[in-house]
Each structure stands twice: as structure tokens, then as C-alpha cells.
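Novice: Given the coordinates of chain A, assemble chain B onto it according to the supplied hints.
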Amino acid sequence: MAILATEGLTKDYHLGPHTVHALRGVSVSIEPGEFVAVMGPSGSGKSTFMNLLGCLDRPTDGRYWLDGQDVARLSRDQLATVRNAKIGFVFQMFNLLARTSALENVELPLLYSKTTPRERRERGRARLAEVGLADREHHHPSQLSGGQQQRVAIARALVNDPAVILADEPTGNLDTRTSAEIMALLQRLNRNGLTIVLVTHEPDIATFAGRRLVFRDGRLMSDERGQAEDAAAMLAALPEEEAVA
Amino acid sequence: MIFQALRIALRSLRVNKLRTALTMLGIMIGVGAVIAMVSVGAGAQIRVAEQIQSLGSNLIIVMPGSRNTAGLRLGQGSQITITEDDAQAIAREVPTVQVAASTSRGTAQVVYGNLNWSTTINGVSADFLEARDWGLEAGRPILREDVDGATKVALVGQTTALNLFGESDPVGEIIRIKKVPFAVIGVLSRKGQTTWGQDQDDIVMIPLSTAKKKVLGVSQANSRSVNVISIKVQAGEDMSEAEAQIRTLLRDRHRLQPYQEDDFWIRNLAEVLQTQEEASAVLTYLLAAIASVSLLVGGIGIMNIMLVSVTERTREIGLRMAVGARGRDILTQFLVEAVTLSLIGGIIGILVGIGGSNVISALAEWRTVLAPSSIVVAFGFAAAIGIFFGFYPARKASRLDPIEALRYE
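Line by line, the protein sequences give chains A and B.
According to this note's numbering, the first sequence is numbered sequentially starting from 1011.
According to this note's numbering, the second sequence is numbered sequentially starting from 157.
Derived by calculation from the structure, the hints in this document are not laboratory data.
This one's a predicted model, so the numbers in the text were calculated from it and none came from an experiment.
Where a beta carbon is used, it is the ideal one built from N, C-alpha and C, also for glycine.
The reader is advised that the hints may include incorrect statements.
[Unchecked claim] Chain B residues, not near chain A, derived (Cβ > 12 Å throughout): (1) E249; (2) Q265; (3) A306; (4) T315; (5) R346; (6) M395; (7) T431.
[Said to hold, decoys possible] Here are a few chain B residues that face chain A, going by a calculated C-beta distance under 10 Å: (8) Q160; (9) I164; (10) A165; (11) S168; (12) R170; (13) V171; (14) K173; (15) R175; (16) R471; (17) L475; (18) A478; (19) V479; (20) R482; (21) D485; (22) D557.
[Said to hold, decoys possible] In silico negatives: residues of chain A with every beta carbon more than 12 Å from chain B: (23) D1067; (24) W1075; (25) Q1153; (26) R1201; (27) R1229.
For reference, chain A alone in the conformation it holds in the complex:
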């Protein structure tokens, strides 16, 4: 059964007298364990699509099942609860809380679910270790490199054991090598069974995904599967660089 499924997903925005059709009926189905890249020029509707997948917004029309639950008509608070339990977000700007340790950043989603402080600490530590930052748990974001910050953000996305990770241009603020590292990490998590949907406008980054959805003018233009590049292999082929702290 599909973990994400949409049917005729539509989103209209009303700007004064004008109606903008951001999404004109998108039906797509994503199976558990897939790594999907969402592409398209700006204004193509890919951001709107991601916002709907992330339960940050409600569709004007159409249906959306997330992990078997129909979430298209839920209230704001119900959507918050669904996001908390089912979705992990990774952002281009990392969006870590400043002056807050890496560990506390990772624990953040657990603050809004029923967990004890002890449980939060344990799960937060485990996730930080999973992204290779066990020795950085007390560092603040300003003391971490961009790549490390994005790893903390990925650990945060994983901490609630979500059904899907939604990554919005996760490598947009990183250099080539660090981007490859982050993609290698995501591929490793994906091989362990995690479903990932990634938005990117860089074709290079999209090649690391096994399935590519291309949007144009609010419609799904193409949906193709192919062999994904191995980020870890590519990383090994990259020339050694001066380590950036």
C-alpha cells in the first residue's frame, strides 16, 4: 500500500480579484522506501505540492492519504499532530534554533508529543549518533559547519520515526562536497527503509533519487524511474579538499 497518495490534488490562491491555480489536480502515489525527487521551475507548483504533502496547508480540492489516513480535511491542530507523528522536515536554511544545543534541537519535535525528558534525551542522542554527530551534542548551531548543521536537522527530522522525510532543497546552501555527503547520508537512510521526498532544482542532486517527478504550470509533467547515482561512490571520487570546519 502507498505511504503517500494524492488524487486530483488542487490548490487555488485568491489574491484580490485574481485566482491563482497553483496546483491543477495532481494524482501521485509513493510507495514505502522510495526516494523521490520533485523538480520544476519556480511557479511550477512544486512548492505548493510539498506544502500539501507536509500537511502545512490544506488542498482546495482533491484527496490525500498519508500512511493510510485521509488528511485533506483535517483542522489546523489535527494537521499539527499529524506532522508531529508522521513527517520529518529538512529545510534549505537548516532552521535550527540558535543558542540551543544540537541535542536540544534534535529533541524539539518530541516536546510536542507525549514523551518524558529521559526518553527525549535517549532518542535525541541515538539520532545524533546515527548522523555521525555523537560528539557534538552540546555544540550550538553557530559552532557547527553548514554540513553538520544539516545533519542535526536530519537527526531532528528522524527523531519521531516519521513515515516520510520531506526535504526542501536540503543542499541549496552547501558546497558540492558537503552536498554529496548529505545526499550519501539520505541514501543510506533510504536504503534502511526510509521514504524520502526531496525538492530540488539541481538536476545533479535529482540523479541521486530513484524516481523523479517534474512539475510545470501546476501539473505533473513527468514521472520517471531510473537508476540512482550512488552519492557515497561519487564522494569517494571527489578530489580531497581542505577540510572546512
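Specialist: Same frame as chain A, now just chain B:
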């Protein structure tokens, strides 16, 4: 959740130390002002209460009034219309009266050695001190035998004693009043000023009989007449009721017809002083109200800063919403932050208020009284202001659209 919110609040307040301190300053000044001003007002109330105590809180004074004789009306006190017999009748016939003492008043020059001093001479009956709740500092009181035998003994007030005897002990010394020698048998305890500023300690008391025969003389019309009857009503009895009974009795004794006005004048001190007490309570409320304005301004400061904080932290709010914070989680977080701000300011403000109250009492020599209730109320007010002025910014934060908030630069 509240505990978490408190931790988040403390952290965010630490980030902008100067801003936090300035915002707290507003609440601090407000709470401090309320506490200091209420303590000033309460001090005034206590002072009035003490003056009431010094006069005797259950005291009724009867003085001669005007007499209407064939349409000719003379002023108050122009006729000596009350007598020792009236006083005795009041003590005997009004059941709630404890004592009724007679006094004849006059002014005379008192001489001791080569010093002299002009003071009030009170010729009193033996129960006068009891009627006025007046104690002795040294020596013995004027007794019934002194009054019956018209002995030449005197009690001196503190001010008189200081002016005639300085630091030495007056008891046993001989003073002269209008050339009549009197033995000082005692010194009165200090009474202080009346509410109208008269020094009650500038006084010499002698037996009523002696005063009439040797010092003040007697009225041509009635040798039994007196200037004042001081009546002490038994504790806990209704003062107005006692006053009414005394009036009825005196009208009866003076054979006044229903159409005639009283030829005496009754003053119930409890009533007078109650009015003054009410006035000082109004003063307290007024001061508290003025100080509350600064508390209000402090609250607006909190609202202002919380609005800035919400705007600055829009992305953080967006992120928290994305990872699952519901509207009420965000609302709680910002509300707790505002209340924390106002409560810390309030606690410091209480200390400032206590300090300010001490400074006022030291510099202005104005008695101040710190009421625990005013501290509790000011603290409660600070919390309420945090909630009231924190609510709007917190609600604004909780209603942000997560998508917009995440994208906010």
C-alpha cells in the same frame, strides 16, 4: 509543558539581556510605586488611628451650648449650661456609660522657683483620667478625697513639666498658680497632639473644687457649672445609642420643650475620627491609583516587547509549528514568557517598593506601613498584567501560518 515553556522563556529572555532588563524596569517601577504609595497611605491611616486612641475612641464630649432666651440667641459656650450634677446623672442613669467626668478649664501662669509658664489649668473630678484613658508617668492621681477636701495638689503634663522643671523630677515640688501654692503629686503620661494640632501635654490638672475656689472662680449664675463633661462609654457599646440617651437625659434635666433647641453640645469623637479615618483611606486609594498608572505603562512595555519578539522569532514559530506545535503550544510559550518577564519584574519591584517605603519614611519623616496584603496584591497585579498584555502578542504568534512563518526573512 509549562515547565518546558518556562525553560524556553528563560532562555529567550537571557538572549536579549538589556531589552529584558528595560522591560522589567517598567513593571519594577510600577509594582514598587504601588507598594511604596500604599505604605505611605497606610502610615497616614495608622497615624489617625493612633490619634483616635490618644483621645479615647469611646469618648463622648458634652459642652455648654447656646441658650435661646426670648428670641435672643447667644453663641455656643456663652452660657454655662452644664453642671457637675449633669455629669453625675449621666453616670448614674445611662447604663452604657462607664464614667462621666467634669472639667473646668482656664488659663493661668504657673510659677516654679524663678521660672514661669502659661498653661491650661484643668479642674477635674477624680474620674477624669479614667474617662480620657490617661495614665500617669510618675506619682499618684487626684483622688476623690482631694476633690472633696479641695486639697492643693496638681498633676503636670509632659510639656509643662519640661518647661518648669527641665530634667529634674517634679513630684513633691511646690508650684504656684495665681499665687496659690500647689504640691505636684504626679506627672501625666504623654498624649501627643490632637488631630487639630493642639498639644495635649501642655496642661496642669488640679481638683475641680480647688480650681473653683482658689484659681478659676465660679460662675455667678451657677456654682455647680462646668466647661466640659467627658464621658467614657463601655467598650463595645453603640456610641450613637449612648449619645442619644445622654441627649434625652440632658434635655429632660434642663427642662427643654420639644420645640426648643439643645442648650448643650454633644460630640461623639468616634464619629469625627471615623470620618478622618475614611479620608485617609481615600488618600491611600488615590495614591495606589496613581501608582497603578505606572504599572499599566509597564504592562504596555511588555506588550510592545512581546510583539517585537514574536516578529523576530517568526521563523522559530514556523519551525515549531512544522514539527508539530499546535496553536495553543505557541500561545502557552509566549504567554509564559510574558508572565515570567512581569513576575521577575514584580519580585524586584516588591524589593524596590520596600526600599522606597523605607527611604520615604527616613527622608520625609513620614510614617510608612508595609502591608503584606499590598505586596500580595501588587504581585498578583504583575502576573495579571503579564497575562493581559502578553495575550495579544501570544495569540498573534499562535495564529501565524506555518508556511509564511518558515519563509519569513
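Novice: Look at each hint and say if it fits the structure.
Specialist: For each hint, the structure was consulted:
With 12 Å as the threshold on Cβ separation, the claim that E249(B) sits away from chain A holds: the shortest Cβ distance comes to roughly 81 Å. The claim that Q265(B) is not at the interface with chain A holds, since no C-beta of that chain comes within 12 Å of its own (minimum 84 Å). At roughly 92 Å, the least C-beta separation between A306(B) and chain A is larger than 12 Å, which holds for a residue marked as non-interface. Non-interface call for T315(B) relative to chain A: holds, since the shortest CB-CB distance, roughly 70 Å, exceeds 12 Å.
Distance check for R346(B) against chain A: the nearest CB is about 65 Å away, which clears 12 Å, and the non-interface claim stands. M395(B), annotated as away from the interface, keeps every beta carbon of chain A farther than 12 Å; the closest lies near 65 Å. At the 12 Å boundary, the C-beta of T431(B) stays outside the reach of chain A, the nearest C-beta of that chain being 60 Å off. Annotation: Q160(B) was flagged as interfacial toward chain A, and the flag holds, the nearest CB pair being 6 Å apart, inside 10 Å.
Satisfaction of the interface hint for I164(B) is found here, the shortest Cβ-Cβ separation to chain A being roughly 9 Å, below the 10 Å cut-off. A hinted interface residue such as A165(B) counts as satisfied when its beta carbon comes closer than 10 Å to some beta carbon of chain A; here the least separation is about 13 Å, so the hint is violated. At a threshold of 10 Å, the smallest CB-CB gap from S168(B) to chain A is about 9 Å, leaving the interface hint in force. Proximity of R170(B) to chain A holds as hinted, the smallest CB-CB distance being about 8 Å (cut-off 10 Å).
For V171(B), the interface hint holds, since its Cβ comes within 10 Å of a Cβ in chain A; the closest pair sits about 6 Å apart. Because the closest C-beta pair between K173(B) and chain A is about 12 Å apart, greater than 10 Å, the hint is violated. Interface restraint check for R175(B): the shortest CB-CB distance to chain A comes to about 15 Å, outside 10 Å, so the restraint is violated. Because the beta carbon of R471(B) sits about 7 Å from the nearest beta carbon in chain A, less than 10 Å, this interface hint is met.
Look at L475(B): its Cβ gets to within about 5 Å of chain A, closer than 10 Å, so that hint holds up. With a least beta-carbon distance of about 5 Å to chain A, the hint placing A478(B) at the interface is held under the 10 Å criterion. Below 10 Å, beta-carbon pairs count as interface contacts, and V479(B) has one with chain A at about 4 Å; its hint therefore holds. Annotation: R482(B) was flagged as interfacial toward chain A, and the flag holds, the nearest CB pair being 4 Å apart, inside 10 Å.
Hint status for D485(B) relative to chain A: holds, with the closest Cβ pair at about 6 Å, below 10 Å. With its C-beta approaching chain A no nearer than about 8 Å, D557(B) sits inside the 10 Å limit, and its interface hint holds. Listed as outside the interface, D1067(A) is inconsistent with that label: its C-beta sits roughly 6 Å from the nearest C-beta of chain B, within the 12 Å cut-off. Under the 12 Å C-beta cut-off, the non-interface status given to W1075(A) relative to chain B holds; the minimum distance is some 20 Å.
At the 12 Å boundary, the C-beta of Q1153(A) stays outside the reach of chain B, the nearest C-beta of that chain being 16 Å off. Here R1201(A) stays apart from chain B, with its beta-carbon at least about 25 Å from theirs, past the 12 Å limit. Listed as outside the interface, R1229(A) is consistent with that label: its C-beta sits roughly 21 Å from the nearest C-beta of chain B, beyond the 12 Å cut-off.
The structure does not agree with the numbered hints 10, 14, 15 and 23 stated previously, though it agrees with the rest.
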